[in-house]
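Undergrad: Letter by letter, the chains look like this.
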Amino acid sequence: MTRPINTKRKIRYLLLGVLFLMAFLINISFGSVEISIKTILESVFGPTTHNNPLDYIIHHYRIPKAITAVVVGAGLSISGLLMQTLFKNPLAGPYVLGISSGASLGAALYIMGAAALGAFLPQWLIGNWSTTIAASIGSFSVLFIVATVATRIKNTMALLIIGLMFGSLSSALVSILAFFSSKESLQKFVFWTYGNLGNLSFTDIGILGLFVSIGSLVSILNTNVLNAMLLGNDYAISLGISLKKTSLTILIATGLIAGSITAFVGPIAFLGLAVPHICRLVWNTSNHKILIPTSLLMGAIFMLISDSIAQLPGSANVLPINAITALFGSPIVIWLLVRKKQIQL
Amino acid sequence: MALEFKDLIIGYKNSRKSQQIAGPFDLKIPEKKLTAVIGKNGAGKTTLIKTIGQQLKSLNGAVLLDSQSIEKIPNDQRARLLSFVFTTTLSSENMSVYELVALGRYPFLNWYSKPSKKDAECIQEAIVFTALEGLENTKIHALSDGQKQRAFIARALAQETPYMILDEPMSHLDHHHKAQLLSLMKKLVNEKDKTIVYTTHDIEKAITNADFILALTEDKSFFNTPDNLIKEGVFDILFPQEQVYFNPATSQFLYRDPKSK
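Line by line, the protein sequences give chains A and B. Position 296 of the first sequence, counted from 1, bears residue number 285 in the numbering used here, the numbering being contiguous throughout. Whatever position you read off the second sequence (first residue = 1), add 1 for the numbering used here.
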């Protein structure tokens, strides 16, 4: 916060910016067909001659997927940061509120339950969007319940436990559903839980982007509040912060981000827990003025790289993105922790 | 401007029952003076502090600021009148001294405003006043207990409030740092016109240094200057007589030797 660090700060964002651009281009270039960076740049910035099949792949598959990765990575990281600060708990992530479990339950009810009810469902319900809608309904119902409970209890720790209980509750229901469902629908559900960045149209991305932007904007507007929250509740109140209003604001912001992301791409959990810690450790700070922008950027970069790895360059196979984020991220967090030997919020 | 307690009863309550800890208080905290709150563990010192700070609601009566109930004063306005030092640990000690002190300016910032020149001056002044120069970029977890306590006072100081309320600022400190902190609090009263209320277990230091003492016993409270409280014999009844007694000549508490009985 002191002045001399101004140039250091510029270098930090410049570095992150360059890294981001590189990760973005590499992400577009990797896939079942490898496309050279030169071709990508020509296709995007060059004269519009959309007859090349590569052009079609770039514009209709790779770019939407890369943008999705950016939105998802940035959104999950910021919501993880919000939850860790609100609950004063380094283990909190975007899904501690039971939002992803709610989404899973919604998706499970639709995917596995609909198979049983399939004959009675009207045609429009079985369209492209239905899993997304079912998952959204699930996550926002849980969010609504948690927010209602939050206005009644004072203790954030109790809220954390309530969120976890909702999580267990929905998981239990999902297990029961899975037990009774057919092999096909079970497989369909399991694939949904792997997460998938590649299924979004530009309209979907627009909706997802809108929710994530609103949530991120709310966080940015609350930078000072979040910093003051680090002092603990007693100090926060003494500084004139209304704990109820603040926790509700943060809950809703997180719910919008994590809920919409889960609905559109599935329960990708790990990133939101890890990226804020990576930022804290790398920049050795707890100041949200630094943590919010760096988490946004770092989350996007992280997701782009994870997705590039998941594409298994040169092969037609795609690994589940959910597994890759943890596979690639956990060692980084462990390494940083061992090196720095201490962790603080 | 005045901080008063009117028929104030403090304690804890939930939906089913309320537990009275201390009160009723009916007094006015003297302006620009150092007031110590004493009493044994559980007497209600911290409860009183948290009632003033609105972390707890009063069971009855009210804390008045400028003859207005503190519950009715808007949060942001209250934050410009009262600043606190609590005993709670921070959720994150990975902030620098400068960042901690800067958080004292929170009530003066809007959503994302950069600290103004005035903010920077206040922060710098608070750091200098509490002798923390050179430690601005040191993380809180790397400070000694004495430095940490001064950093929290600097944070409260940067809040620029006429009243400063400190909960056990001297616990964990050695004699040297206790003396340093007491002279810092006196300096704040004398040079910065602050009205300071602090809780303490060190009654002897409170007798020699505080202008007024609020003594909490199980069923009563006493408020006066230290000299008058000695005359009233308040310190004799503060602790169970068979274990601890007060020697008014030396203003000292002495332990009875169980063997001499």
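Please note: incorrect hints may appear among the correct ones.
In silico EDC-like cross-links for lysine to aspartate or glutamate, where the CA-CA straight-line distance does not exceed 20 Å [claimed, not checked]:
1. B/193 with B/258
2. A/233 with B/72
3. B/149 with A/223
4. A/278 with B/72
5. B/187 with B/94
6. B/33 with B/5
7. B/7 with B/169
8. B/41 with B/192
9. A/278 with B/94
10. A/234 with B/169
11. B/58 with A/223
12. B/149 with B/169
13. A/77 with B/72
14. B/14 with A/223
15. B/33 with B/67
16. B/7 with B/94
17. B/73 with A/223
18. B/188 with B/134
19. A/-3 with B/137
20. B/149 with B/134
21. B/179 with B/169
22. B/41 with B/220
23. B/149 with B/137
24. A/234 with B/77
25. A/278 with B/169
26. A/233 with B/134
27. B/179 with B/220
28. B/179 with B/205
29. B/14 with B/219
These stretches of chain B come out as covered by chain A in the derived footprint (C-beta under 8 Å, 3 or more residues) [to be verified]:
30. 54 to 62
31. 85 to 97
Stretch-level coverage of chain A by chain B, calculated; a stretch enters the list once three of its residues show a Cβ under 8 Å from a Cβ in chain B [stated by the list, open to error]:
32. 258 to 269
33. 307 to 317
It should be emphasised that the hints constitute simulated quantities derived from the structure, not laboratory data. Where a beta carbon is used, it is the ideal one built from N, C-alpha and C, also for glycine.
Undergrad: Tell me the numbers of any earlier hints that the structure contravenes, in ascending order.
TA: 1, 4, 5, 7, 8, 10, 13, 16, 25, 26, 27, 32, 33
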